[in-house]
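For this one, chain Y is given, so just place chain C on it according to the hints.
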Amino acid sequence: DTEVTQTPKHLVMGMTNKKSLKCEQHMGHRAMYWYKQKAKKPPELMFVYSYEKLSINESVPSRFSPECPNSSLLNLHLHALQPEDSALYLCASSQDRLHSGNTIYFGEGSWLTVV
Amino acid sequence: LAKTTQPISMDSYEGQEVNITCSHNNIATNDYITWYQQFPSQGPRFIIQGYKTKVTNEVASLFIPADRKSSTLSLPRVSLSDTAVYYCLVAPFSSGSARQLTFGSGTQLTVLP
Numbered sequence: 002d003t004e005v006t007q008t009p010k011h012l013v014m015g016m017t018n019k020k021s022l023k024c025e026q027h028m029g030h031r032a033m034y035w036y037k038q039k040a041k042k043p044p045e046l047m048f049v050y051s052y053e054k055l056s057i058n059e060s061v062p063s064r065f066s067p068e069c070p071n072s073s074l075l076n077l078h079l080h081a082l083q084p085e086d087s088a089l090y091l092c093a094s095s096q097d098r099l100h101s102g103n104t105i106y107f108g109e110g111s112w113l114t115v116v
Numbered sequence: 014l015a016k017t018t019q020p021i022s023m024d025s026y027e028g029q030e031v032n033i034t035c036s037h038n039n040i041a042t043n044d045y046i047t048w049y050q051q052f053p054s055q056g057p058r059f060i061i062q063g064y065k066t067k068v069t070n071e072v073a074s075l076f077i078p079a080d081r082k083s084s085t086l087s088l089p090r091v092s093l094s095d096t097a098v099y100y101c102l103v104a105p106f107s108s109g110s111a112r113q114l115t116f117g118s119g120t121q122l123t124v125l126p
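So the sequences go chain by chain: Y and C.
Take 2 as the starting number for the first sequence in the working numbering and just add one per residue.
Take 14 as the starting number for the second sequence in the working numbering and just add one per residue.
If we strip away everything but chain Y, and leave its shape as in the complex, we get (with noise of 0.2 Å):
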């Protein structure tokens, strides 16, 4: 069983919304990650978070605003997406980004549709 957990598990929200996504992790993992999967697709990075900043931002548009309050939670705002944005949104944690051998361990993800 994971120990990220995503909320909500579902999400159906119109273009005009605003609307976010919750993870959260008690493991004491330093480095969060958000990945967007589409289907028969692998997951692609979006953004990573190190110690609370963000690290790296894979070129995400706008509309979508990352966020980590602190080193437990990461959430992920969402506003005036589009039809295309429908996907599953993975979050996954790391020990940190650091060391070598660093596993990721995901959430079971949030299933978004946009309408």
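Hint data in this document are derived by calculation from the structure and do not stem from the laboratory.
Please note: incorrect hints may appear among the correct ones.
[Claimed, not checked] Computed list of lysine to aspartate or glutamate pairs in EDC-like fashion (alpha-carbon distance at most 20 Å, straight line):
id: 1; chain 1: Y; residue 1: K20; chain 2: Y; residue 2: E109
id: 2; chain 1: Y; residue 1: K20; chain 2: Y; residue 2: D97
id: 3; chain 1: Y; residue 1: K54; chain 2: Y; residue 2: E68
id: 4; chain 1: C; residue 1: K16; chain 2: Y; residue 2: E68
id: 5; chain 1: Y; residue 1: K39; chain 2: Y; residue 2: D86
id: 6; chain 1: Y; residue 1: K41; chain 2: C; residue 2: D80
id: 7; chain 1: Y; residue 1: K23; chain 2: Y; residue 2: E45
id: 8; chain 1: Y; residue 1: K41; chain 2: C; residue 2: E71
id: 9; chain 1: Y; residue 1: K10; chain 2: Y; residue 2: E25
id: 10; chain 1: Y; residue 1: K42; chain 2: Y; residue 2: E4
id: 11; chain 1: Y; residue 1: K19; chain 2: Y; residue 2: E85
id: 12; chain 1: Y; residue 1: K23; chain 2: Y; residue 2: E4
id: 13; chain 1: C; residue 1: K16; chain 2: Y; residue 2: E45
id: 14; chain 1: Y; residue 1: K42; chain 2: Y; residue 2: D97
id: 15; chain 1: Y; residue 1: K42; chain 2: C; residue 2: D95
Same frame as chain Y, now just chain C:
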């Protein structure tokens, strides 16, 4: 950067041993190899990780030859519930490059009765 190549799909029968190979010709000295399993509509689940030679845990074995340019995930006596996509990830987790946190295309394993 260590790009990975895996077979797109594999079929097997229940009770057989399955070996899935991942090629990573440009693997760097600091890179580790990690395998994940993913069922539909779920997040990837960690299976096994290794650096060289052989690693074994309760669910799988990972074989890495001396040149480390490939690795083989071995699943003993598969069952129907092992039907999933298997990803090989090669990364040091100690660099700022996002490409080193990028998954390959994965292998769809289908276990038949």
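Quiz prompt | Hinted pair Y:K10 and Y:E25, Cα distance within 20 Å | solution = Satisfied, since the Cα-Cα distance of roughly 13 Å is no more than 20 Å.
Quiz item: Keeping to a limit of 20 Å between CA atoms, is the pair of Y:K41 and C:D80 held or broken?
Solution: violated, 31 Å
Quiz item: Can the restraint linking Y:K23 and Y:E45 be considered satisfied, given a maximum Cα separation of 20 Å?
Solution: At roughly 18 Å apart (the allowed maximum being 20 Å), Y:E45 and Y:K23 satisfy the hint.
Practice problem: Verify the proposed pairing of Y:K23 with Y:E4, using a straight-line Cα cut of 20 Å. | Solution: Since the Cα atoms of Y:K23 and Y:E4 sit roughly 14 Å apart, the hinted pair holds (cutoff 20 Å).
Quiz item: Within 20 Å, alpha carbon to alpha carbon, are Y:K20 and Y:E109?
Solution: holds, 19 Å
Quiz prompt | Pair hint Y:K42 and Y:E4, alpha-carbon separation not exceeding 20 Å | solution = violated, 24 Å
Exercise. Assess, step by step, whether the Cα of Y:K39 is no farther than 20 Å from the Cα of Y:D86, and give holds or violated.
Key: holds, 9 Å
Exercise. For the pair supplied as a hint, Y:K42 and Y:D97, confirm whether the alpha-carbon distance does not exceed 20 Å.
Key: Violated, at about 26 Å.
Exercise. Please work out if C:K16 and Y:E68 have their alpha carbons no farther apart than 20 Å.
Key: Distance of about 30 Å is beyond 20 Å: violated.
Practice problem: Below or equal to 20 Å on CA atoms is what counts here, so check Y:K19 against Y:E85. | Solution: It holds: about 16 Å lies between the C-alpha atoms, which stays within 20 Å.
Quiz prompt | Distance restraint between Y:K54 and Y:E68, which requires alpha-carbon spacing of 20 Å or less | solution = Status holds; Cα separation ~9 Å.
Self-check item: Restraint check for Y:K42 with C:D95, where alpha carbons must lie at most 20 Å apart
Solution: Judged against 20 Å, a Cα distance of about 19 Å means the pair holds.
The structure is inconsistent with the numbered hints 2, 4, 6, 8, 10, 14, although it conforms to all the rest.
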